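Top to bottom, those sequences are chains A and B.
For the first sequence, the working numbering begins at 1 and goes up steadily by one.
For the second sequence, the working numbering begins at 1001 and goes up steadily by one.
Derived by calculation from the structure, the hints in this document are not laboratory data.
Given the structure is predicted, the values throughout are model-derived calculations rather than measurements.
Any given hint could turn out to be false.
Some, not all, of what chain B presents toward chain A, calculated at C-beta under 7 Å [what the hints assert, rightly or not]:
1. Gly1057
2. Gly1062
3. Lys1065
4. Glu1068
5. Asn1069
6. Leu1227
7. Glu1248
8. Glu1249
9. Tyr1342
10. Lys1357
11. Gly1360
12. Pro1362
13. Arg1370
14. Phe1375
15. Gly1378
Idealized CB from N, CA, C, for every residue including glycine.
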Amino acid sequence: MRKYTPKDNVQGKAYYTDRFWVAPRVPRIDVEEGSHFATVVSALKKFAKESYIEVGQLIIHIKPTDNISVLSLLKEKCGYTQCSELSAVDYLARDGEFEIFYQMLNITEAKRVRVVCRIKQGEAIESIVPLFKMANFAEREMFDMFGIVSNNHPYLKRILMPEDWSGHPLLKTYPLQGDEAASWYEVDKIFGKEYRDVIGPENRDPAKIDRYDTKRFSRVGYEVPFGADISEGEKENPIEYSKTIMANYQKSSKQLKERR
Amino acid sequence: MQVTNKLTPFFENLNFERSDNMMVINFGPQHPSAHGQLRLVLELDGELVTKAYPDIGYLHRGIEKMAENMTYNEFLPTTDRLDYIASTANNYAYAHAVEKLLGIEAPRRAQVIRTMLLELNRIISHLFFLATHALDVGAMSVFLYAFREREFAMDLMEDYCGARLTHSAVRIGGVPLDLPKGWLENLEKFLDALPANIALYEGLLTENRIWKMRLEDVGVISGEDALNWGCTGVMIRGSGVKYDIRKEEPYELYGELEFDIPVSDRCDSYGRYRLYMEEMKQSIRIIKQLIPMYGDTQPQLMAHAPQYISAPKEEIMTQNYALMQHFVLVTQGMRPPVGEVYVPTESPKGELGFYIKSEGEPYAYRLKCRAPSFFHTGLLQELLVGTYIADVVTIIGSTNIVFGEVDR
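Isolated chain B (complex conformation) (with noise of 0.2 Å):
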């Protein structure tokens, strides 16, 4: 701690060392650019940044111990937590691993409504992303027009499972409901009305000399680096490093898909953004694929799975044993085999994959979430250093981090 008097005034954010001429500066934990609690201590030589060194944990809620001290359903709203930008991401993430524990599937009409989901989640997320990354650098108009277009995707949410943010749409096994009337004419209307959007941001900034000149050759990590570092999503594929997980290692109806994998192997922050806009395009191209396949589906919803998952409504209500099974799963919670599991879901931020350890009881033993921001973080350290002040802002905007799933 600086000892402060009047010849060495206190100053909150600064501390000046004599001995050399290292500057040491804290941004954050509460900084605008930081997209959440971030807490960067850098040590600057004028203004080129010699040291970075990122300090996280301000959000820590103990998600994973959470998991251990509550059955499998009642953690599912907890998972939206994690990455707040695209809450489905996580649920289906989460869902998917007990799916693989259970060794149980989604009927087709689930997969079909998840996979919508999904990738919708995927533009609302890499929307989000172009706004305050945009923003950050300095271009406002970007953000005032992506956010537009956000509110428009997220209101379909809402009509889908009626919440914008925590969306908790997928359940394990499943989804819990139906898409409403008409939601699907909405869907499309969003999707015809995006790309003449997206050649509007495109206009706006991919040729756009300042945009250029903040962004190319910025944040520059090379694929040997970024493998090594546990980068994936699109700091994986930015670095000319083609593996998308949707296509390595197809789950749900991605197999059946047609879609491209958009790789840059320019390395820096503009060829990130590139493939966020790229991604948005293919999102577009997918769930276009998935409105007509929804009508050649069963109005099944959840898998039949009597000993871990409740019968439909109508069932319960009719029949005994339904509803004695799911009292039991209601007060005890189900119990899955003894093993364990991890599943890897391409997220819009990158892999998150969920762990799962179970000893056969209704709490998982240990549930860990590989996070893909929480190594992007620890990336910073190594990225940061060599450039100037004014470009970590931009790398930090670039790496797309939500704090959520950093801390847990």
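The shape of chain A in the complex, shown without the other chains (with noise of 0.2 Å):
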């Protein structure tokens, strides 16, 4: 029987994990009373699910509808003043949801901040480029890389893959290797779809080349004529220079004398 292999996630696995191997956890610690995060979680309280501190940073878990609310706040009441990046991760395989965070960072106190919310696959959310304008291009990629879309963005459109690239490469469902569409991108933008049959995948490649292809490549210094076929060896085809009479005037005054 064919093994089997998940379709919701295609990307590379480990080949081998002990049976019973537990993963430990980066440790979560609560927020101490009295420090900065406090104040942080104090003024979030009504939209915080869940807020610990994982590395050094405070991650506060909301409902994604809440993130203007949110951001708003820690931009004008807690001095959050920059959100250095945005992004979102893939977990629809397994929990059917992307999960978005804006990491924020606080300028005077030098302290970071991480937002996270969850969405459902299809599910838009609110784009924040009212309140930061760095969501331009990074809502841009987001909508690239995972499709998610920003309602009310300026100009949702992709931003690192072609305009008419179907998929989005950082879905964990998104082939390896290159699919179909991928594989005959060129072709199909230069030549047209038809042009696939007398292609052939053999010659997709641009950068291929064929050395006894007469008809694209000019070799330059050792040139055959147009078409002709090298493939059982080729002619001596010594190049031909014009002659020209190349006169000394220093040496002999009589080539002058002659062309006067």
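With the hints as a guide, bring both chains together as one complex.
Below you can see the structure in the form of structure tokens.
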């Protein structure tokens, strides 16, 4: 019987895992009373579902619909004036959800907070461009890589992949080897779909060089007539230079006289 | 797409719109001043830029996707290809993020070497910035002088790790090699010669009338806007916001070293240029402090964490358990604990951070590279509007973007 391979996550996997292996967890620390993070947590009490400190940074879980209100509170009340990064994590296979995180920075306190929310597949999230303009590019990248739509984004378009690309590369379902559309992308684009048969998979790679090809490559210094068959070896074909009389005016005045 | 006929001939780069007086021009993707594969669609009113649209993705290699399908150690050389001007900064940012996830710390000697290499890379990167920026603006001799010094710095990198651009000089948990014999002396010689050369560049540029005319009040961005657009590094310090991760959230040995963070409130390209020059001087100061620190350290180079990091070669060759563990780590890869981490570092370009989400597998579940240049490119759509087309090149040069990092 053929080995079962999951279709919802086609990424690389460990080829061997011990049966009794239980992965440990990075410790999560509760927020200490009176610390800077405690004021942040109390300011966001209404929205925070869960909050803890992991590797020195506060992580707050919120509802996806609250993202604007939480981030504006962080920006205006808590001094988190910069959003360093935002992106998503694909948990579709396990939970049917995307995890979206906003990495926030407080410049005066040198503290970082990560706001995390989860949305279902097909749901959209409100764009944070009115609050942080950096989201203009970051949300476009999130859309490009995961297909997560940000509502009210000024220009939601693919950013890294070509505009007519199909599929979103960072999804766990995205094939690693390149699918049919991806492998024919350049041929389809330049010649049209009907040329797939004419070109064939063996000539699909534009970097491929055929040493017997006398039609497309000029063989500098070793030119052969266009379209000649050279698979059986090629004829000696020296380049002819036009003959010019080189006159040495210093040496003899005779030539000069002739010319005059 | 433009319909071409005899009346409206096809111009490769130009598209005339008759309805208004605007001209749309394609800047790049192959433009010598675009510092890589930047395509910039500019809408011009005469010589004034009225709209700018940076189009990126021409160098997209899916590095984040590759990270999800490689073990942690396998991925490290790939980080070289992010900001290829200062590879060690990327290697370090990644290794440091994984170390934080594992909860280990590199031994003292490795920390000294890493900090030295980071600062050396900062000098290399800043010299490259200066050279290309000056060349873009039209000062060719600076390019030649700056590249000469950069060459010496790259020779030092080559002496250490064998590579000039793609260093991979940092490993998760330490560094692979000790400094070769005579390296510190060479480094010192280089550092002694550099201030005179920086003075030479400054003599050529700082009070240069043309240089000042081209850079002053060009690419002005307020501190608030810079924060809003996600700018970091020199871009933000050039706008009067004093924030350097080395100082504010010290990592490696930066907490013990004495150095200043230059800030400028000019908010323009000239201020940023001055900061780059000043930062090079600070880097020299940092490395000079590190050289005596090297002698006081123990020779251990990799952290002792048998679960994650292979033992030194002598132990692998002599001890059974070390060999077994090494075999498992090489064939299966290390398995960090479940958790997520975001670790920022101050790369020469700005805040380079790695967000790693681990599910306890030998492959990262998600790795996000927070590249400073990506956000600096996004800023161009606002920064370029209202400037003249001659200043476009100055502004792109001044943001110091590298496309390996933008497109990843």
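Now for the hints, and whether the structure bears them out:
The criterion of a C-beta within 7 Å of any C-beta in chain A is met by glycine 1057(B), whose closest approach is roughly 4 Å, and the hint holds. Interface restraint check for glycine 1062(B): the shortest CB-CB distance to chain A comes to about 6 Å, inside 7 Å, so the restraint holds. Interface restraint check: lysine 1065(B) against chain A, minimum CB-CB distance 6 Å, threshold 7 Å, status holds. Below 7 Å, beta-carbon pairs count as interface contacts, and glutamate 1068(B) has one with chain A at about 6 Å; its hint therefore holds.
With 7 Å as the threshold, the beta carbon of asparagine 1069(B) comes within range of chain A, its nearest partner Cβ sitting at about 4 Å, so the hint holds. For leucine 1227(B), the shortest C-beta to C-beta distance to chain A is roughly 5 Å, which falls under 7 Å, so the interface hint holds. Residue-level restraint check for glutamate 1248(B) holds (minimum Cβ-Cβ distance to chain A is 4 Å; threshold 7 Å). Evaluation of the glutamate 1249(B) hint against chain A yields a held restraint, the C-beta minimum of about 5 Å falling below 7 Å.
For tyrosine 1342(B), the interface hint holds, the least distance from its beta-carbon to any beta-carbon of chain A being 6 Å, beneath 7 Å. Below 7 Å, beta-carbon pairs count as interface contacts, and lysine 1357(B) has one with chain A at about 5 Å; its hint therefore holds. At a threshold of 7 Å, the smallest CB-CB gap from glycine 1360(B) to chain A is about 2 Å, leaving the interface hint in force. Below 7 Å, beta-carbon pairs count as interface contacts, and proline 1362(B) has one with chain A at about 5 Å; its hint therefore holds.
Hint on arginine 1370(B) holds. Least Cβ distance to chain A is approximately 4 Å, under the 7 Å limit. Among the interface hints, the one on phenylalanine 1375(B) holds; its C-beta lies about 5 Å from the nearest C-beta in chain A, closer than the 7 Å criterion. Taking 7 Å as the C-beta cut-off, the interface hint given for glycine 1378(B) holds, the closest approach to chain A being about 4 Å.
Violated hints: none; the structure is consistent with every hint.
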